[in-house]
Every structure is written in C-alpha cells, then in structure tokens.
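2 protein chains.
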Amino acid sequence: MRIKRLQEFIEEKELDAALITAKENLFYFTGSSPVLGGYLVVAPDDVLFIVPELEYEEARETSKVPVDKFKTGKELYEKLKGFKLTKLGIEGKTSFSTVQSLKEKAGVEDFVVVDDVIKELRIIKTPEEIEVIKAACEIADMAMMAALEEISEGKREREIAAKMEYVMKMNGAEKTAFDTIIASGWRSALPHGVASDKRIEKGDLVVIDEGALYRHYHSDTTRTIVVGSPNEKQKDIYYAVLEAQRKGVEAARPGITAKELDTIVRDVIKEYGYGDYFIHSTGHGVGLQIHEWPRVSQQDETVLKPGMVITIEPGIYLPKFGGVRIEDTVVITENGARRLTKTERELI
Amino acid sequence: MRIKRLQEFIEEKELDAALITAKENLFYFTGSSPVLGGYLVVAPDDVLFIVPELEYEEARETSKVPVDKFKTGKELYEKLKGFKLTKLGIEGKTSFSTVQSLKEKAGVEDFVVVDDVIKELRIIKTPEEIEVIKAACEIADMAMMAALEEISEGKREREIAAKMEYVMKMNGAEKTAFDTIIASGWRSALPHGVASDKRIEKGDLVVIDEGALYRHYHSDTTRTIVVGSPNEKQKDIYYAVLEAQRKGVEAARPGITAKELDTIVRDVIKEYGYGDYFIHSTGHGVGLQIHEWPRVSQQDETVLKPGMVITIEPGIYLPKFGGVRIEDTVVITENGARRLTKTERELI
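Protein chains in written order, with full-length UniProt numbering: chain P, 1 to 348; chain V, 1 to 348.
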C-alpha cells in the first residue's frame with residue numbers, strides 16, 4: 001500500500017525509481033531499521049532493500065520487501081547502477097556526497113525530491129500507528145508523574161531528567177523522544193532549556209517537556225509547575241497558557257486548517273496581553289519523527305483530517321522572569337481531537 | 001586557529017567562503033550549539049554565524065564569532081546572498097534541499113566539499129578536548145560498573161541499560177553517546193544488539209557496549225561477561241579477544257598506521273582460528289562524533305599521531321552461540337596509547 005503509492009508517484013513523475021535512505025522512511029516502507037542504514041530502491045515494478053553485510057541477517061528477518069547486501073561502497077553503487085537510474089527520486093535530506101556518488105558511480109543524471117508523497121502518506125497515521133503512539137504517550141505520562149514527584153528545591157534539573165528517563169526505559173521505551181527539557185527559574189523563559197546542572201529553587205517556574213520513543217514512534221508533552229506557592233504574575237501567565245491550550249484541543253478537528261488552529265490558540269494569548277511572548281508555533285505533527293507534518297503555524301494551511309497526530313503547545317516566555325508551556329499530543333478523530341497524553345493540566 | 005585554518009583552505013581552493021551547518025562542526029568552530037541549528041559563513045576575511053531568532057540570545061552568549069539572526073528561510077538566504085557566494089565550500093553531508101536552495105536563492109554556482117580540512121583539524125584533539133573525553137570515559141566506567149553490578153539471571157537487557165543511563169546522567173552526562181548495547185545469549189553474536197526486552201539467562205555471554213556524551217564529546221567502551229560459570233568455548237573466544245585487544249593497545253603509538261594496527265589485532269584473532277568471525281574493523285576515532293577519523297581498518301592508512309583518540313575493539317561473533325567484544329577508548333601520546341576507559345578487562 002505504502003510502496004504502491006510511492007510507485008504511482010514515480011510513474012506520474014516519469015522517474016526510473018526512488019532511492020530512500022532516511023532511517024524513519026526505511027522503517028516506514030520496509031518495517032526494518034538497520035543501525036548502519038540502508039538503500040531502498042523503489043522502481044515501478046521492482047523493490048529492493050540493499051543493506052550493509054553486517055545488517056543482512058537482521059534485515060532479512062524484519063523487512064517486508066526483498067533484501068540484498070553490499071560489502072563496499074563500490075559494490076553498492078554497482079548494484080544501484082544495475083537499475084539504470086537516469087532520473088531518480090530522492091529525499092530532500094539526501095546528502096550532497098550521496099548525490100555526487102549517485103551521479104558519478106551510478107549514472108544518475110536528474111534528481112527529483114519525493115518528499116511530498118512521503119508526507120502525504122505519513123501525515124495520516126493508521127490505527128496500528130496510533131496505538132503505538134498512544135503507548136508512547138502513556139510512557140511519557142509515567143515519566144511526567146515521576147518528574148512531578150521528584151522536583152523539589154535543591155535538586156538539579158539533570159537529576160530530575162535522569163529519573164524520568166529511567167522510568168521511561170523501565171516501562172519499555174527505547175529512549176527519550178528528544179533531549180528532556182527541565183527549565184527552571186530564569187531558564188524556563190528559554191523554549192529549549194534542556195536539563196542542566198542548575199539547582200531548582202523555591203518559587204521557580206519549572207517547564208518539563210519530554211517524550212518517549214517507543215517502537216520507533218515519538219510522544220511529546222509539557223507541563224509547568226511552580227515550586228512552592230505561585231505569585232500573581234506566575235498565575236496570570238499560567239492560566240493564559242492553560243486556556244489557550246484547552247481552546248486549542250477543543251478547536252482541533254477535521255476541516256479546520258493548521259493555520260486556523262494556530263490563530264485560535266494565539267488569539268487567547270493575545271487577549272491576555274502576552275502575544276509578543278508566544279514566540280513559537282502552536283504545534284507540530286508527531287510520528288516516526290518528533291517534528292513532522294503538519295506544522296501548526298501561520299505558514300501551514302494543511303486541512304486537519306482524522307488520523308493526524310499533532311501537538312498543541314502554547315507558551316509564554318518572559319525574559320529573565322520565566323515561562324510557562326502546556327502541551328499534549330492529540331490525535332484527530334471524526335469527532336475532534338483526543339488527547340493521548342493525559343497528565344492533569346491544572347498544576348498550580 | 002581553527003577558523004584560520006579553514007580560511008587558508010578556502011583561499012587555497014579559491015572559494016568565496018565555506019558554509020558550515022553540521023551541529024558538531026558548528027560547535028567546533030563557534031563554541032555554540034543551537035538546538036535549531038545555524039549557518040556559519042567563513043569567508044577569507046569575514047566570519048558570521050547566522051542562527052534562528054529563537055536561538056539568538058543563547059548563541060550570542062556562547063559563540064566565539066559574531067552572530068546574526070534570521071526569522072524566515074527567505075531572510076536567511078538573502079543574508080547568504082549578500083556574501084556573493086559563487087563558489088562555496090560545504091560539508092559532504094549538507095542536504096540536497098539545502099544545496100538546491102543555495103543555488104536558487106543565494107546564487108551559488110559551484111560546490112566544493114571541505115570535509116578534508118575539517119577532518120585534518122578535528123582528528124588531532126587539543127589537551128582541553130582530551131580532558132573532556134577523559135571525563136566522558138570516566139562516566140562510561142561508572143556506568144559499566146553499574147552494569148556489572150546489576151546484571152543477573154532474569155533481568156531484562158533494557159532494565160540494565162536504564163540503570164546505566166541513570167548513572168551516567170547523575171554523574172553529569174548529557175546523555176548516552178549512542179544507544180546502549182546489552183546483548184545477551186544468542187544476541188551477543190549481533191555486533192549491534194541494542195538492549196532489548198530479552199531476559200538474561202544463566203550461562204549467557206553478555207556484551208555491554210556503552211558510552212556517555214559529556215560536554216559534546218563521546219566515550220565508548222565494551223566489556224563482556226558470562227552469567228554464571230563460563231564454558232570452555234566461551235573462555236576460548238574471550239581470551240582470544242582479550243589478547244587481541246591488549247596487543248592493540250600496546251601497538252597503538254605514533255608512526256604506526258591505522259591499517260597496520262588493524263592487522264596486528266586481526267592477526268591475533270586469526271591465530272586463534274576465529275578470523276572469519278571478527279566481522280568489523282578494529283576501531284574508530286572518537287570525539288564530537290561517536291564515529292570519526294581515523295578508522296582503524298584495512299581501508300585507512302592514516303599514520304597515528306599524538307592527540308588522536310581511537311577505540312580498540314576486537315570481537316568474535318559465533319552465530320547462534322554468542323559473541324565477545326572488549327573495547328577501550330585510548331588517546332595516542334608520544335609514548336604510546338593511554339587507556340581512557342579503565343574498567344578491568346579480565347572479567348571471566
């Protein structure tokens with residue numbers, strides 16, 4: 001089905017084949033994910049997954065498509081040359097070196113980026129994919145629970161992250177979906193405050209942004225707390241973000257565009273007078289990559305459809321003072337958005 | 001110094017500038033490592049690090065070179081166009097999409113890969129870099145100690161990895177240097193047996209291959225144990241690998257080539273009759289990337305020099321039976337190789 005759609009696209013664009021090399025796409029199309037990578041050739045009537053010799057046995061066991069192997073780069077490019085690839089579809093992130101080798105050693109003359117058809121496929125998750133993402137989200141919720149229990153005055157951000165990641169792995173995660181963010185005090189005003197050696201202090205806002213990687217799929221959730229009693233300004237920005245996030249989850253449904261959803265969320269923050277401090281987009285797709293399509297931003301007019309999985313994560317960042325972000329991963333269903341991360345949102 | 005050498009290379013090759021985008025090289029040349037990436041332009045008489053707006057404040061604090069910012073891709077490419085880049089040096093891993101954008105939006109006509117000069121610089125570590133790698137290796141030794149304590153019959157591989165990674169982070173690591181390998185029983189015959197849900201059984205060979213990422217630098221070490229009493233065949237392959245690894249550490253010194261070192265190690269395994277089962281190269285450079293130059297293999301004739309940091313990691317893999325690998329990260333000094341990972345090697 002997935003490969004068939006790619007083959008249709010190849011025929012529409014009059015390509016000889018597509019060459020897939022990005023790990024997430026190799027897994028998507030073959031079900032196999034060699035540590036050392038591989039080269040998936042998809043021609044109109046032929047499919048072959050060529051992997052390094054060290055990966056051959058494992059790939060043969062896991063791949064849904066025929067597998068071949070290579071020992072040296074020379075052997076690889078000779079095998080590719082055998083496909084007579086004059087006009088080749090590639091991923092936009094294929095490296096310049098690979099493109100040069102394909103020209104020089106495999107006789108490719110023209111390259112066409114095939115990202116659009118891969119996006120079209122991957123943006124709608126199957127029920128099986130949604131189940132795996134849901135499981136990844138459940139693990140993220142367990143890690144969040146651990147964080148909420150562990151955070152206290154005097155502990156280092158990195159120690160909290162260590163405990164969360166331990167909980168993730170003990171519950172079946174392969175690893176974190178991304179570097180765990182624990183941003184306390186002034187650091188909470190940094191949208192990407194990866195856990196540092198800073199000690200958590202009384203009165204700190206603490207932004208906890210984390211996710212688990214489970215069976216190749218990601219999850220993503222954020223909560224913010226205050227250590228001790230929140231002051232008025234902390235409460236003010238917290239409840240602005242909370243209302244924006246809730247309205248976003250309510251508004252996300254089939255038919256609305258990603259841009260419209262971003263506007264709805266952004267407008268709540270603006271009403272509270274913090275529009276200038278919501279300095280990123282509302283969210284992003286989540287799946288085999290932590291950031292994928294659609295982008296819930298002013299630049300993306302994708303119409304939401306059932307099966308899309310996105311984050312909704314407004315934030316307010318006041319330099320030096322601190323920040324608040326609240327985020328869930330949600331799946332779009334016929335009836336609206338269903339939250340896959342479920343930790344309580346009203347935490348101060 | 002680093003940038004100056006790159007500028008010399010640009011002049012030698014008659015390039016207008018080099019554009020650096022790989023994260024490890026951005027850190028190497030600027031001292032800054034924006035989560036969202038950045039674009040470092042190095043012209044013969046000019047250097048500018050252009051980062052996304054969200055990263056601007058942090059980059060300004062950490063970068064050793066002047067910093068500018070961009071809000072949209074359009075703005076970025078206009079700024080790049082201002083440098084009049086007709087002939088541009090890039091990294092081999094620069095993406096096809098970026099290359100296309102540079103052609104279409106920044107007027108670049110010719111691209112030249114500058115990887116060789118970056119390799120020439122990064123392959124020799126400064127005393128400061130060696131100190132950081134040493135610290136990363138000390139953390140890896142702590143994690144190995146934790147593994148040796150934790151491994152017992154009935155535990156899952158992933159649980160051991162969870163504990164090791166917790167120890168790493170509690171001791172200052174940013175994260176693991178790579179996905180921790182815990183490969184027990186038949187899985188130990190897989191050179192890349194990332195920790196799975198398999199339970200460890202009595203009599204299993206267990207290969208533990210792990211490293212920590214500390215202040216952007218990697219470490220890499222492997223030990224193998226037997227749960228319970230080893231049988232004769234397990235002992236036989238263990239002592240073959242141990243002798244090969246020891247001889248490798250003794251032989252590694254300035255003047256020998258990477259290929260010669262690989263041969264010395266490989267010959268020991270061959271003498272024991274397991275040559276066909278040592279199915280990878282002897283080692284690789286370690287630094288800002290887990291695999292970098294030189295490659296300790298038959299394909300790399302680099303002459304070892306003081307300041308190089310490499311792994312020495314022979315292994316024997318008997319399909320279905322199991323495998324053994326023993327690995328240290330070592331630094332080449334005037335007097336020979338000094339082990340930076342120091343966990344006891346005689347473990348069965």
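There could be a bad hint or two in this list.
Treat identical chains as interchangeable: a pair holds within one or across any two.
To be verified - Cut-off 20 Å, straight-line C-alpha distance, at most; resulting in silico cross-link-like pairs (EDC-like, lysine to aspartate or glutamate):
id	residue 1	residue 2
1	Lys69	Asp276
2	Lys175	Glu243
3	Lys320	Glu61
4	Lys198	Glu128
5	Lys71	Asp300
6	Lys93	Asp115
7	Lys155	Glu250
8	Lys198	Glu58
9	Lys23	Glu109
10	Lys198	Glu243
11	Lys270	Glu11
12	Lys79	Glu129
13	Lys163	Asp179
Calculated directly from the structure, the hints in this document are not laboratory data.
To see whether the hints hold, each was checked on the structure:
In the homo-oligomer, the alpha carbons of Lys69 and Asp276 lie at most 20 Å apart only across protomers (18 Å), although the nearest pairing inside one protomer, at 54 Å, exceeds that limit. Taking CA atoms no more than 20 Å apart as the test, Lys175 paired with Glu243 passes in neither setting, with 32 Å inside one copy and 34 Å between copies. Taking CA atoms no more than 20 Å apart as the test, Lys320 paired with Glu61 passes between copies only; the shortest distance there is 14 Å, against 54 Å inside one copy. With identical chains, the CA atoms of Lys198 and Glu128 are never at most 20 Å apart, being 40 Å at best within one copy and 23 Å at best between copies.
In this homomeric assembly, Lys71 and Asp300 come within 20 Å of each other (Cα to Cα) only across copies, at 16 Å, whereas the closest approach inside a single copy is 43 Å. For the identical chains of this complex, Lys93 and Asp115 are neighbours both inside a copy (9 Å) and across copies (18 Å), given an alpha-carbon limit of 20 Å. For the identical chains of this complex, Lys155 and Glu250 are neighbours neither inside a copy (36 Å) nor across copies (44 Å), given an alpha-carbon limit of 20 Å. In the homo-oligomer, the alpha carbons of Lys198 and Glu58 lie at most 20 Å apart only across protomers (16 Å), although the nearest pairing inside one protomer, at 43 Å, exceeds that limit.
Taking the shortest Cα distances, Lys23 and Glu109 never come within 20 Å of each other, neither inside one copy (24 Å) nor across copies (30 Å). Proximity of Lys198 to Glu243 under the C-alpha cut-off of 20 Å is found in neither arrangement, the shortest distances being 30 Å within a copy and 45 Å between copies. Taking CA atoms no more than 20 Å apart as the test, Lys270 paired with Glu11 passes in neither setting, with 48 Å inside one copy and 51 Å between copies. Within a single copy, Lys79 and Glu129 get their C-alpha atoms no closer than 33 Å, and across copies no closer than 41 Å, so neither meets the 20 Å cut-off.
In this homomeric assembly, Lys163 and Asp179 come within 20 Å of each other (Cα to Cα) both inside a single copy, at 13 Å, and across copies, at 18 Å.
The structure shown violates the earlier hints numbered 2, 4, 7, 9, 10, 11 and 12.
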